[in-house]
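Order-wise, the sequence lines are chains A, B, C and D.
Read in our numbering, the first sequence has 11 at position 11, and its numbers run on one by one without any break.
Positions in the second sequence are counted from 1; adding 1000 to them yields our numbering.
Positions in the third sequence are counted from 1; adding 2000 to them yields our numbering.
Positions in the fourth sequence are counted from 1; adding 3000 to them yields our numbering.
Hints in this document: simulated from the structure, not taken from any laboratory.
Hints may be right or wrong, so weigh each one.
Lysine-lysine pairs mimicking DSSO-like chemistry, simulated, CA-CA at most 30 Å apart [said to hold, decoys possible]: (1) A:LYS37 <-> D:LYS3206; (2) A:LYS308 <-> D:LYS3048; (3) B:LYS1332 <-> A:LYS287; (4) A:LYS287 <-> B:LYS1287; (5) D:LYS3042 <-> A:LYS37; (6) A:LYS281 <-> B:LYS1044.
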Amino acid sequence: MGERSLTFAQAINEAMHLAMEKDPEVLCYGLGVDDPKRIFGTTKGLQEAFGEERVFDMPTSENGMLGIGIGAALNDMKPVMVHQRLDFFLLAMDQLVNAAAKWFYMFGGQRSVPITIRLMLGRGWGQGPTHSQNLQAWFAHIPGLKVVMPATAADAKGLLLASIFDPNPVVFLEHRWLHHQEGNVPAGWQDDVLGKAKVLRTGTDITLVAISYQVVEALRAAEVLQSVGISAEVIDLRTVQPIDWATIEASIAKTGRVLALDTGALTCSVSAEIVARSAEKQFSLLKTAPARIAMPDFPEPTSYGLTKSFHPDARNIVTQACKMCCVTEIEKALNSLTVPEHHDVPGEWFKGPF
Amino acid sequence: MGERSLTFAQAINEAMHLAMEKDPEVLCYGLGVDDPKRIFGTTKGLQEAFGEERVFDMPTSENGMLGIGIGAALNDMKPVMVHQRLDFFLLAMDQLVNAAAKWFYMFGGQRSVPITIRLMLGRGWGQGPTHSQNLQAWFAHIPGLKVVMPATAADAKGLLLASIFDPNPVVFLEHRWLHHQEGNVPAGWQDDVLGKAKVLRTGTDITLVAISYQVVEALRAAEVLQSVGISAEVIDLRTVQPIDWATIEASIAKTGRVLALDTGALTCSVSAEIVARSAEKQFSLLKTAPARIAMPDFPEPTSYGLTKSFHPDARNIVTQACKMCCVTEIEKALNSLTVPEHHDVPGEWFKGPF
Amino acid sequence: MKNSSPETQESAVTFENMNGAYKLSVLKSMLRIRMVEEEIAKRYPQGKMRCPTHLSVGQECVPAVIGTLLSESDLAVSTHRAHAHYLAKGGDLKAMLAEIYGKQSGCCKGRGGSMHLIDEKVGFKGSTAIVGNTIPIGVGLALSQKLRGKNDITVVFLGDGAIEEGVFYEAANFAVVKKLPVLFVCENNLYSVYSPLKVRQPQGRKICDIASTIGLHSQEGDGNIVAETHRVLTTAIDVCRQGQSATFVELHTYRWREHCGPHYDNDIGYRSEAEFLAWKERDPIELYKTQLYKAKILDAEKLQVMIRQLETEIQDAFQFAETSPYPPSEQAYSPVFAQGVNINIAEVANG
Amino acid sequence: MKNSSPETQESAVTFENMNGAYKLSVLKSMLRIRMVEEEIAKRYPQGKMRCPTHLSVGQECVPAVIGTLLSESDLAVSTHRAHAHYLAKGGDLKAMLAEIYGKQSGCCKGRGGSMHLIDEKVGFKGSTAIVGNTIPIGVGLALSQKLRGKNDITVVFLGDGAIEEGVFYEAANFAVVKKLPVLFVCENNLYSVYSPLKVRQPQGRKICDIASTIGLHSQEGDGNIVAETHRVLTTAIDVCRQGQSATFVELHTYRWREHCGPHYDNDIGYRSEAEFLAWKERDPIELYKTQLYKAKILDAEKLQVMIRQLETEIQDAFQFAETSPYPPSEQAYSPVFAQGVNINIAEVANG
Ligand SMILES: Cc1ncc(C[n+]2csc(CCOP(=O)(O)OP(=O)(O)O)c2C)c(N)n1
Ligand SMILES: Cc1ncc(C[n+]2csc(CCOP(=O)(O)OP(=O)(O)O)c2C)c(N)n1
Ligand SMILES: [Mg+2]
Ligand SMILES: [Mg+2]
C-alpha cells in the first residue's frame, strides 16, 4: 500500500468512499452532504457513487434527524451524520445522551447503536460565540459515547473508518483548521482502533498530551523547546473517550512532567481530567505540578481584535514548558517561532466567509 | 429573625413565595407546578397566591419553553423554570448554551438573562439511566452559566433567592434525597451570594470538598473519621460555577490533603476540576495525592440489585480518607457507620413510585 | 373519522367479517393486558417492584388490536407507558415482569426497569422514558425498512403529551418527505401526568389535524371500541405498508389509574370522579364482551376458561419474576460499549 | 392569500390610500437596505469584514414595509440574515457596520459579528446564528408584553428553513395556547443554504397552512410587492395587537447572492441562472419604483436626491466602521456575568 499526500479533508472523503463501498449499510446524511460545497469537500462524489438513498440532505431538524439515524442504526445500518458546526448539534442532546449513549447498556447489552456523528469545530474568521464551541468534554463525560479527535490526515482516514465500523455511537470531531493540512495517507483500507494514543515525538523532559488542532501547536512548540534543551514528548491523544491512560502514564513515568493541551474551555475539560488523573495516580512520579493549557472560560468573541491572543498556541506551550522545566531562556525560544500574518485564518489562502 | 426547622422542599417553597411577593416580575412555570403534587411540594400555594398568569403549567416542549423564559427574561421578567428531572432538560441545550449562557457576553454586555432553572436530580427507587443524571459538569463547563447545588435547607432557601435575583442565568440543582431533609431555616428574607462555599466542619488533616447530597455523606464520614483520629474539614461547595477557590485553597493550605466528592460521573467532572486545580496550584503543599470520589462512568442501572453499592457514600469516603491519612483502622471506622435498611430510598417512608 | 390524502379505500377485510377465533384472540389480548396490569397494581405496594411504573388499565383496546395486525418482522417502539404495547407485540411476559422486579432474567437484565422494555425477537425495539424520545427512532427504523425494500412497517406508540415535543413534528416531517413506512399510533387519554389538554394545546385543535397538515395520512377513532379501532388501524396499516404515505392515527381513550404508580387518584383534584366513571362505563373490555356475547361468539364458560388460562400464565410469570435472582451488583459495571468490529461485508473492496 | 380563523376585517387603512410621503419612505428604506448590502458585498473581499455574513439583497420589501408599521416599543428578533431587519426596525447603521468590522464601536463591541445584531434602544432585541434559536425567545418577549398588559407586539423574523426546527412548532403552539401578541414573519426564499424546499419539506405543503393548523392566524403573500406585503402585514399586525391571535405571515421572495458571503453563485449548480433571472425581473425595488413613477409619486430627480442622501449616509457609516479602533484584546475577557442584584421592588415584602 503506497503512501500519498492528501489533505485531512481528502482523507475523510477517501474513508467515506471506502466505507460506503465496503458495506452497503453505511449511510451518509446531513445538511449539505450533497450540495456544491460537499462539507468542505469531505463528501465529494458520494452521492454520485452511492445514490440518493444512501447519501442525502435533510431538513433543519437536528434532534429528529439524529433520532432517525439512531433508529436506522438499531436496524443494522451504519449512518454517518454530519454537521458543519458542532454548535448546531446542541439541539440533539436528548437523542445523543438519553438514547444513543445509553441504549447498549440500558437494554442489557443486546443492541448497540453503530452511528458516527461528524462534527466540525470552528475557529477564526469571526466564527464567534455560537460557531466555535469545542465541547469534547461534554461528550467525554457521558458513559457510552466514544469521542474521536484526529489531528493528522492519516488518522482522519483510519479513525473515521474505525468509527464507522465500531458498533458504538462515535462522536467524531474535526477541527476546521486541520481540514487543509496535508499528510501521508496510506492508500486502501486501513485498520485502526479507537482508544489508542500515538506518541508523535519522543522526549524525556516533559509530556505534552495534545488533542486535535493542539497537536499541531504542540509539535511546533516541541521543535522550539529542543533548541533550548528541553526534550518534549508529544502524545496525540486521538480519542478522548476512551482515553489511552497507559500511553500517558508510561510517558509521565519517564518525564515526570505533564502538560495537557486542550481546544475546549478550561473548567471541567478533558485537560482537567488528564491533570486530575495524573495527580491522583502518579503523584509521586511528578517532578513538578502538572499543568494544562485550554481555552479561557469565555465564549469566543468574533472580532479580529479580540481573538488576537485568545487561542492558546505554541507560544503559550513553550512558555509553560520552560517554566515547568526551570528553563529561563523563554524569550529566545519564543523568538524562533514564526508568527502568521493573520491569526484568524488557517492559511493565507482563506478568504471567508465561512 | 427566628429559626424554624423546615425541610429542604419547604425551604424552596418559602423562597418562591418570598421572591414572588417581593417582585411581581418573578414567574414560575414548568410541567406540574400547579398540579396536585406541586413538584414535591416546592410550588405549593404559588398559583393560589400569585395567579395563573405568573404560575403556569406548560406543554411538554422543553426547548421551546426555555426559549420563552429567556425571552421574558430579556424583557426584565425573572422566570423560574422547573423540571422534575434534569434528564428532560437535555432537550433544551440549544437555548441554554447558545442563547442564555452567551447573551450577556455576546451582545457586548448590554443585556443579561435573569432566568433560574430548577432541575431535580434523581436517584434510587429505580430511577434508572434516564431519570438520574447529575450533569453539573456540563453546566459548569459553559462560560456564562451559574450553577448552584445547595445541600441544606437553609441554603436551599438562601441560594434560591440569590439565584432568582441574580441577573444571570442560573441552573439550580436539587437532589431529590435532600428534599425531605430538615434543617434550621431563618424566617423572612435572606441575603446570600452565589459563589461562596461554606466550611461546615473544620479540621486539620484532610479537606473534603463536597457538593449537593455528597455533603450529607461527607458529614457522616467526618464524624466517623474523628473516631479514628482523623480531623476532616468539610467544605460544602454550594455553587459549582463559579467555584469558591479561595475557601478550598485556604483549607488545603492547612490540611495538605484534598478529597473531592461528586454526585456526577467521574470523567471530566467537577471533582476532576477540583483535583486538577489543586494539583496545579498547590502542588508543593500537598502531602499526598489528591483524590476524588464520583459516580462510576456508567449509566445508573435500575435494579435494586445493581444499585446496591453503585452510589459512593460515607463508606467510600472513610476508606479513601483513611488511606490518604495513612490510618489503618479502616474496618473499625466503617463499622461505626449505620447502614439503612434499603439503599435505594432517601428514608423508609419512601414507597415510590417516583 | 377523518381521512386525509392520499385517498385510500377501506381495507377489504373489515372487522365484521373476521372469524370468531380472531375476535376472541383480541379479547384475550385485552384481558391479558388488563390482568397483568391489575396484578402489578395489586403487588406494587409490597415494595418489590422498585421503579417508576405506568399502567395501561383502561387503554387495552388499541394495543390489543394492533398486536393482531402486525407481523413479527414489523417493528415497534414505545414510551414510559409500554407494558401493553410490549405484550401486544408479542413481548415475553416473564422477561417484562422480571425487569420490573429488577431481576437478572429481566428483558434488560435489570438495567432498564418498567420504562425500558425490549424484545428484539418479536420486533419490539424498545421503549424509553423521555417523552418523545422514541418517535424519531421509530422513523429511523422505518427508513431502514424502506432502504431494505422489504414490506415491513414500524409502529411508533405515543401519547397526546408527546405530540407537543418538537421532535414529533421533525420526525413526522421527514417521514412524509421520504414516504416512510411508519405508523404513529397516538393514544389520546386527555392527560399528560396531571395536565389536561387545554393547558398544553389550543382548545378545539385536533391532534389528527396537525398530523394531517404535516402530511401524514391521518385518521381518528374511538380507541375504546374494538371494531372502530380495527377499522382505523387496518386502513392505516394498508396505506403504510403499500408505501403510499406515512400514517397517523389518533385513538381516544382514558387511563384509569394514576399516571405513575398503582393507585386510583381521582380524589386529588386534577380530574373528576364523574369523568372517570363516565369512561369506566365505556370500559373497552366490557363493551367488547357485550358485543361478543350478542354475536354469540363468547359465552360465560369460554370466558372463564380464558381467564383461568391467563391467571395461570400470569401467576407463573410473577412467580418467575419474584424468584429470579437479582443480578450480582458487579454487573452494574457491565460494558457500556459493544465489542468488536461491525463489518457485514467480509471482502475488503478496495486497496 | 389565505386567511384563517379568527376572521378579521381587512385593516381600514389600505396601502392605496397611504400618502405619498409614506410611500416614498418605504422606497427609501428598501433602497437603504439594498445599498448597504451592496456596499458590504463590494467591500467584503478586502478582507476587513472577517466574519460569516448573510446578505438580504432581493429581500428588501418585507423588512422595509414592516419597519414602517411597528412602533419603537414593539420588539423584534431575527436570524443569521438580520441586517435588513435590524435596519428596518431602526437599528443604528454605524453600529451595525462597525460590528461587522469587529470594532469597539460595534453594536456588540465586536463580540457578535454580522450574525449577532442588537439595538435595545429601538426594540431590536437580538439576532442569533443558530437556526430557530430566536423563535421561542420572541414568543417569550410577547409573553412579557402580554403580562405587562401593554399593546405592544413582538415580531419574529424567520426563514423557510427555520420552519423545520421543532422549536418553531413548540413556540408557535404555546403562543396559540396563550394568545400571545407575536407575529411570525417568514421570508420564504425557497432555499436553506443550498437546499431547495423539496428535500426538506413535503412537496405541495404550504408553510402558511402548517402555521394555520397549529392555530396561528395565518396568511401568505408576494413578498416582492410592496402593496401586497403591506396589506398582509397590516392585517396581521391588527389581529396581533388586538390580542385576537398569535399571527403568522409567509411572504415569498428570493435571495440574489450566495447564502453566506458577497458573491453571486448561480453557477455552482444548486439553482439555475434562469430561476435567478426570473426573480431578478421581479426585483422588489424596480417593481415598486415603476408603480411610484406611474402614480407620479416618484420622479428621476427625487430618486436621485434619495440615492445621494443614502450614499452619503452609507459612506459615512463605512468610514466610521473602518476607522473605529478594534477593541483591545483584553476585552475578550470582559465579564461573562452581569453584576449586582436584580431586584425591582425596593421594599422587602416579608420578614
Ligand atoms: C422530555 C420529558 N418531559 C417530561 C417528562 C415527564 N413525563 C413523564 S410521562 C409524561 C406524560 C406524557 O403524556 P402522554 O404523552 O400523553 O402519555 P401518557 O402518560 O398519557 O400515556 C411526562 C410529562 C418526561 N418523561 N420526558
Ligand atoms: C441549528 C442550525 N442548523 C444549521 C445551521 C446552518 N445554517 C445557517 S443559515 C441556514 C439556512 C436557514 O435557512 P432559512 O431559515 O430558510 O434562512 P435563509 O438563509 O434562507 O434566510 C442553515 C441551515 C445553523 N446555523 N443552525
Ligand atoms: Mg396522555
Ligand atoms: Mg430560506
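The hints, checked one at a time:
Between LYS37 of chain A and LYS3206 of chain D the alpha-carbon distance is near 28 Å, which keeps this suggested pair within the 30 Å criterion. Note on LYS308 of chain A and LYS3048 of chain D: the hinted pairing holds, with a Cα-Cα distance of about 15 Å set against a maximum of 30 Å. Taking the CA atoms of LYS1332 of chain B and LYS287 of chain A, the gap is about 36 Å. The hint is violated against a cut of 30 Å. Of the pairs offered as hints, the one joining LYS287 of chain A and LYS1287 of chain B holds, with about 14 Å between alpha carbons and a cut-off of 30 Å not exceeded.
A distance of roughly 23 Å separates the Cα atoms of LYS3042 of chain D and LYS37 of chain A; the hinted pair therefore holds under the 30 Å criterion. Restraint check for LYS281 of chain A and LYS1044 of chain B: not satisfied, since their Cα atoms lie roughly 49 Å apart, outside the 30 Å limit.
Hints 3 and 6 from the earlier list are contradicted by this structure; the remaining hints agree with it.
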